[in-house]
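K.L.:
Chain by chain, the residues run as shown.
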Amino acid sequence: MLSADGLRHAFGRVVALDDVTFRLGPGQTLAIFGPNGAGKTTLLKVLAGVIRPQAGSAQVAGGRRAIGWIGHHSHLYDQLTVRENLVFWGSLYGLARARRGARVVAVLERLGIADRADQLVASLSRGLAQRVAIARALIHDPPVLLLDEPFTGLDLAATRELRGLLAELRGAGRVLVLATHNVDEGVELATDVAFQRRGRFVHFAPRGAAGPAAIAAAYQRAVADA
Amino acid sequence: MRELVTQAWIVARKDLVLEFRTRTALFSAVVFTALVLVVFNFGRDPTAVATIDLAPSILWVTFTFAAMLTLNRAFQLELENQALEGLLVAPLSRASLYWGKLLANLVFVAVVEAVGLPLFVLFFNVPVAHVLGPLVGVIALATVGFVAVGTLFSALLIRLRFAELMLPVLLLPFLIPPLVAAVQVTAHLLGGRPLSEVAGWLRLLAAYDVTFVSLATVLFRYTVDE
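Line by line, the protein sequences give chains A and B. The opening residue of the first sequence carries number 1 in our numbering; numbering runs sequentially from there. The opening residue of the second sequence carries number 1 in our numbering; numbering runs sequentially from there.
So here's chain A without its partners, still in its complex pose (with noise of 0.2 Å):
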């Protein structure tokens, strides 16, 4: 469903990506904990076609009418409503006046945000913002989310309702690839991790059973030898 081959890329001397290869599956959730600088954003360009990659490739089946980007902002226009940011994002991924109208209901609706259909989103407070950059996401309903430091800028219960969310999304089948610099957000959702550094995976292996202290203290180990 989703895969990486052999990924290298470098802006200038600064290598982002370096030999970066993994598959994933129908349910399967990649969480990339790195820090800053190690490349995990370049990753989430690459496999989303917005970056070209030096070597290697990468490929999503459906391609990018398949993938739903969670980035660092949520690519809402203020002046627009709720409805009308919605309906934008869904025409660009090519759904129909019918079922685009019938989705937009159905996101706002499971986020909760029904009635601030009608609202510009520039009078929304951050974190229903935050809900509908989520309903932006998923207008198309993609089989593949990608998500950039997803929790950024949220409290603790906009936080515990996105990974509720992302757990059901999982459970649905969706593929999942979560990147981020904190290890306590998102090892849960976690089938599958990756510690990141300098472009390279240090790390990749299924979770198992590990708990965010165990995950924690790896990651630890890892970036510090490699």
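FYI, nobody ran anything at the bench for these hints, they're computed from the structure. C-beta atoms are modelled at their ideal positions from N, C-alpha and C, and glycine is treated no differently.
Ranges of calculated distance between the beta carbons of each label pair, as one might list FRET restraints:
# : chain 1 : residue 1 : chain 2 : residue 2 : range
1 : A       : Phe204    : B       : Pro168    : 47 to 53 Å
2 : A       : Ala106    : B       : Asp225    : 32 to 38 Å
3 : A       : Gly27     : B       : Leu16     : 38 to 44 Å
4 : B       : Arg21     : A       : Ala167    : 35 to 41 Å
Beyond 12 Å from chain A on every Cβ pair, some chain B residues (computed):
# : residue
5 : Thr51
6 : Pro168
7 : Leu215
These stretches of chain B come out as covered by chain A in the derived footprint (C-beta under 8 Å, 3 or more residues):
# : segment
8 : 13-21
9 : 85-91
Given chain A, put chain B in place with the hints provided.
P.N.:
Below, chain B without anything else, positioned relative to chain A:
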């Protein structure tokens, strides 16, 4: 081709809704147009040079500088809303994105020109009724060319500081050919001379449009891809 046009329209429609809702750039450009025409009106000696001799140059200098105020707007919208990354991840061809921005910019500039032309007639008392059709045609022909180049350069510069200052510096040399042609054709039209005398200039305008719309469509991806 159909998908390219459909996606371009989705992008353009969104930009137009945003701009007509906020009227940030359009309002500034329209006011700027009126002020420039007022300045030209008072800053000339009608006894030294006949109005009809100066009018074509005044019209095109005004349109050119007013258009520059609006050209940055299409990409500024994406930066302000931090949405460019989302557009690049979406299954939207770079050509569609460029054409969408081009279309939106053409409408913005056309609105400014639609306000500017009657003001020009009012301030300079130049009769245009008898040549209105051909004059609008020449304005459209020249506008397509310089908006095509301007849209490409605004995408190139948008991530830079002082983009609004850099745009005229880079753009103006490229605008000299269509500007010269447009002034020549307009002078002939206002002077009541036949269009056949300026067929060469009209061909130059058409060739400029075809060349730069095609070139910009191909080169655009290099301005937005990482």
